[in-house]
Amino acid sequence: MELPKRAEPRTVPPRRRGLLHVIDATGYSIAGLRRLWLEAAVRLEFAAAAIVMLAFLWRGVDAWHWFVAGALLATLLAVEALNTAIEVLTDHLSPEWSQMAKDAKDLGSLAVGLIVVLACIFVGLVMTRVI
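Add 82 to a position in the sequence shown, counting from 1, and you land on the number used in this note's numbering.
To be clear, the hints were calculated from the coordinates, so they are not data collected in a lab. Computed from a predicted model, the values in this text were never measured in an experiment. One should not assume that every hint holds.
Below are the SDA-like pairs computed for lysine to any residue, each with C-alpha atoms no more than 25 Å apart in a straight line [to be verified]:
id, residue 1, residue 2
1, 187, 198
2, 187, 117
3, 187, 125
4, 187, 142
5, 187, 128
6, 184, 168
7, 184, 194
8, 187, 207
9, 187, 167
10, 187, 157
11, 187, 135
12, 184, 145
13, 184, 120
14, 187, 199
15, 187, 118
16, 187, 206
17, 187, 169
18, 187, 95
19, 184, 151
20, 187, 145
21, 187, 161
22, 184, 166
23, 184, 203
Work the whole structure out from these sequences, hints included.
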């Protein structure tokens with residue numbers, strides 16, 4: 083999917099305090115989730131999570147397995163969001179190819195990959211009833 087281009091620079095609104103700040107922060111988080119959804123990897127991760135949910139239902143796993151799987155998914159999405167932010171900033175700051183930009187993107191990808199491996203190990207252990 084192609085990202086929308088902004089034609090004009092936007093001005094930063096003044097910060098609000100109290101409950102209005104919480105409302106603003108919630109809006110920023112929702113905007114971040116919408117942006118994250120544009121990433122194909124995130125959509126694949128949600129599809130994998132749905133398959134894991136079906137497998138957990140079929141296997142009849144304990145409540146703590148659900149909790150850990152949910153925590154791993156939340157961690158994966160958080161790391162994926164940080165990786166996407168790194169990629170967006172890197173593309174903006176270094177539109178030409180550079181080793182530094184490649185390293186930044188590779189390190190972000192490694193962080194996501196490590197969480198994916200950890201989640202796969204956990205699901206494998208649960209499904210084989212090791213834990």
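Verification of the supplied hints:
{"no.": "1", "hint": "187 with 198", "in the structure": "holds, 17 Å"}
{"no.": "2", "hint": "187 with 117", "in the structure": "holds, 18 Å"}
{"no.": "3", "hint": "187 with 125", "in the structure": "holds, 19 Å"}
{"no.": "4", "hint": "187 with 142", "in the structure": "violated, 39 Å"}
{"no.": "5", "hint": "187 with 128", "in the structure": "holds, 22 Å"}
{"no.": "6", "hint": "184 with 168", "in the structure": "holds, 11 Å"}
{"no.": "7", "hint": "184 with 194", "in the structure": "holds, 15 Å"}
{"no.": "8", "hint": "187 with 207", "in the structure": "violated, 30 Å"}
{"no.": "9", "hint": "187 with 167", "in the structure": "holds, 10 Å"}
{"no.": "10", "hint": "187 with 157", "in the structure": "holds, 19 Å"}
{"no.": "11", "hint": "187 with 135", "in the structure": "violated, 30 Å"}
{"no.": "12", "hint": "184 with 145", "in the structure": "violated, 41 Å"}
{"no.": "13", "hint": "184 with 120", "in the structure": "holds, 21 Å"}
{"no.": "14", "hint": "187 with 199", "in the structure": "holds, 18 Å"}
{"no.": "15", "hint": "187 with 118", "in the structure": "holds, 16 Å"}
{"no.": "16", "hint": "187 with 206", "in the structure": "violated, 28 Å"}
{"no.": "17", "hint": "187 with 169", "in the structure": "holds, 6 Å"}
{"no.": "18", "hint": "187 with 95", "in the structure": "violated, 31 Å"}
{"no.": "19", "hint": "184 with 151", "in the structure": "violated, 31 Å"}
{"no.": "20", "hint": "187 with 145", "in the structure": "violated, 36 Å"}
{"no.": "21", "hint": "187 with 161", "in the structure": "holds, 13 Å"}
{"no.": "22", "hint": "184 with 166", "in the structure": "holds, 14 Å"}
{"no.": "23", "hint": "184 with 203", "in the structure": "violated, 28 Å"}
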